[in-house]
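A.B. asks: Taken in sequence, the protein lines are chains D and B.
Quick note: the first sequence uses this note's numbering, first residue 1, plus one each step.
Quick note: the second sequence uses this note's numbering, first residue 244, plus one each step.
DSSO-like, lysine-lysine: derived pairs with alpha carbons at most 30 Å apart:
hint: 1; chain 1: D; residue 1: Lys165; chain 2: D; residue 2: Lys189
hint: 2; chain 1: D; residue 1: Lys189; chain 2: B; residue 2: Lys408
hint: 3; chain 1: B; residue 1: Lys432; chain 2: B; residue 2: Lys408
hint: 4; chain 1: B; residue 1: Lys432; chain 2: D; residue 2: Lys165
hint: 5; chain 1: D; residue 1: Lys165; chain 2: B; residue 2: Lys408
Since the hints were derived computationally from the structure, they do not count as laboratory data.
Protein chains: 2
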Amino acid sequence: MAQNIYDDPAFFEGYSRLARSTQGLAGAPEWPALRAMLPDLAGSRVLDLGCGYGWFCRWAREQGAREVLGLDVSRRMLERAQQMTSAHPGIRYAQADLETAELPEAGFELVYSSLAFHYIADLPRLLGEVHRALVPGGALVFSTEHPIYMAPTRPGWRVDAQGHKSWPLDAYQVEGPRTTDWLAPGVLKYHRTLGTLLNALLDTGFSLRRVNEWGPSDADLAATPALAEERERPMMVLVSARR
Amino acid sequence: MAQNIYDDPAFFEGYSRLARSTQGLAGAPEWPALRAMLPDLAGSRVLDLGCGYGWFCRWAREQGAREVLGLDVSRRMLERAQQMTSAHPGIRYAQADLETAELPEAGFELVYSSLAFHYIADLPRLLGEVHRALVPGGALVFSTEHPIYMAPTRPGWRVDAQGHKSWPLDAYQVEGPRTTDWLAPGVLKYHRTLGTLLNALLDTGFSLRRVNEWGPSDADLAATPALAEERERPMMVLVSARR
Chain D
1 MAQNIYDDPA FFEGYSRLAR STQGLAGAPE WPALRAMLPD LAGSRVLDLG CGYGWFCRWA
61 REQGAREVLG LDVSRRMLER AQQMTSAHPG IRYAQADLET AELPEAGFEL VYSSLAFHYI
121 ADLPRLLGEV HRALVPGGAL VFSTEHPIYM APTRPGWRVD AQGHKSWPLD AYQVEGPRTT
181 DWLAPGVLKY HRTLGTLLNA LLDTGFSLRR VNEWGPSDAD LAATPALAEE RERPMMVLVS
241 ARR
Chain B
244 MAQNIYDDPA FFEGYSRLAR STQGLAGAPE WPALRAMLPD LAGSRVLDLG CGYGWFCRWA
304 REQGAREVLG LDVSRRMLER AQQMTSAHPG IRYAQADLET AELPEAGFEL VYSSLAFHYI
364 ADLPRLLGEV HRALVPGGAL VFSTEHPIYM APTRPGWRVD AQGHKSWPLD AYQVEGPRTT
424 DWLAPGVLKY HRTLGTLLNA LLDTGFSLRR VNEWGPSDAD LAATPALAEE RERPMMVLVS
484 ARR
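Chain D with its partners taken away, still in its complex shape (with noise of 0.2 Å):
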C-alpha cells in the first residue's frame, strides 16, 4: 500500500494552509499551463486520481464534463472534497490506493492527476490501468515532481562563498524512494528518470503530446517574486499523452 502521509495530522493541517488548498487551481502556479493541454470535457467522463480536496472535479463540472470520479487515498481529503462539492451531483468520490487501485474499462475520456504519480512505487502497474480505462483517443494529463527535484540525496539549495545559488544534483541515475520532509517527517516518494517516466507511457501505449517542465512565467515573477528560484531547477513536470 502507498504511504498515506495525507491522513497524518501533522501533514493534512500543513497542507490545508497552502495556496494550493485555500485557493483551489488558482493558488497552484502551474495551473494555466496545466490546463492547457487539457481536451475540451463539455459531455466528457473524467476520472481525478489523487483528487484531494476536489478543486479540479469541481472546474470539470464547470466546464460540463458529465461524470467526474475522484479517487484519492485519504479519508480526511475525502471528507473536505464531499463538503466542498456537495453541491455538485455530478461528481462522486472514493478512497482508492493508487498502487493497487483497478480502474473500469473504457470508461473516461480523461485521466487527470495532480502531484500524485511520485508517491506511487510501481507506475507502469497504474499506467496499465489508466490506459484501459480510457477510451481509444482518451487523454492523460498529469504533473508530477521533476525528476531533478526527487533525486538529490541532500535535497536544498547551496548558496556559495559568492552568494551565488544552485541546486546539489546528484544520485539521478539511482531510482527508488526519496524520503523526506515537507510539512511532516518521512514523506516518501519514488524517484524515477525523465526518461524512465516517458518510456513507461510509450510501452504502456501512450503517444506523447506535450512535455512541459513548468517553469515562471515573466507574469508569474512579477505577481509572485519568491517563484524566481523556479527558473534554476524545474519542481514539477507536466505530461500530456493520448491513448
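Starting from the known structure of chain D, fit chain B onto it as the hints suggest.
C.D. replies: Only chain B this time, still in chain D's reference frame:
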C-alpha cells in the same frame, strides 16, 4: 553560421585524442544504447548529421546500408573521414553548416546524429529539414548533451565539507547560448530544456519512441570506474523518433 570549433587547431588536436576518436564507436560508452535504438539498416539510405571522422558512416555500410551521406561543418573532420573510409564506395561526405543546410526530400530511411544538435541555435529549423528528408515511417535517432549538463552558469562538480559531490544546477529555465572551455576556450553551445527539445520534435510531426538519459550500467562501471560520476547527473540524452 554555427561556430566551427572543430576546425580550431587546439580543439581538433584535443578531440583527436578522445577515446571516441581513436577507438571509434567502441570508445563511446553510450554507443550500445544508441545502437539499440536503430532500425535494421539493410538496403537503407542513411544520413549522418555531424559525421566527424565517419565512424558511424562506415559502421552503417557494414550493416548493409545502401547509401550513406555524412555531413559536417569541419573540413578537418571530413578530410580525416575521407582518409579513413576511402575503401568504402557507398559513403559520400560533404561540408554543410547544419544551421542553414537544406536536405533532399524523402531521401533517407534513417537520419542519425551524435552529439551535434547542442551546437545548433535554430533546432526547429533543422528538425523540419530532417522530417522532410525522411521517408514516411523513417527514423531519427540522435544523442545530444543533456540540458542538466549544459544549463549551469558555473558547471563543474562541487564537493562539500563532508566530501559529498554534487552538480550545481542553475539557470535550467534560461534557454540560449552557453560558452564553456572544453578542449579549447569559448566553445559555444545552446541550452534547451528537455521539454523544449521533445516538444520541438512533436511540433515538427515526429512521434517519440524512446528517451534515454544515458547513464553507465554496472558493466560499464566495472570496465571504466571513472564513469561513476555519470550516475550523479546525465551528460547526454538519446532520442528515437519516427516520421
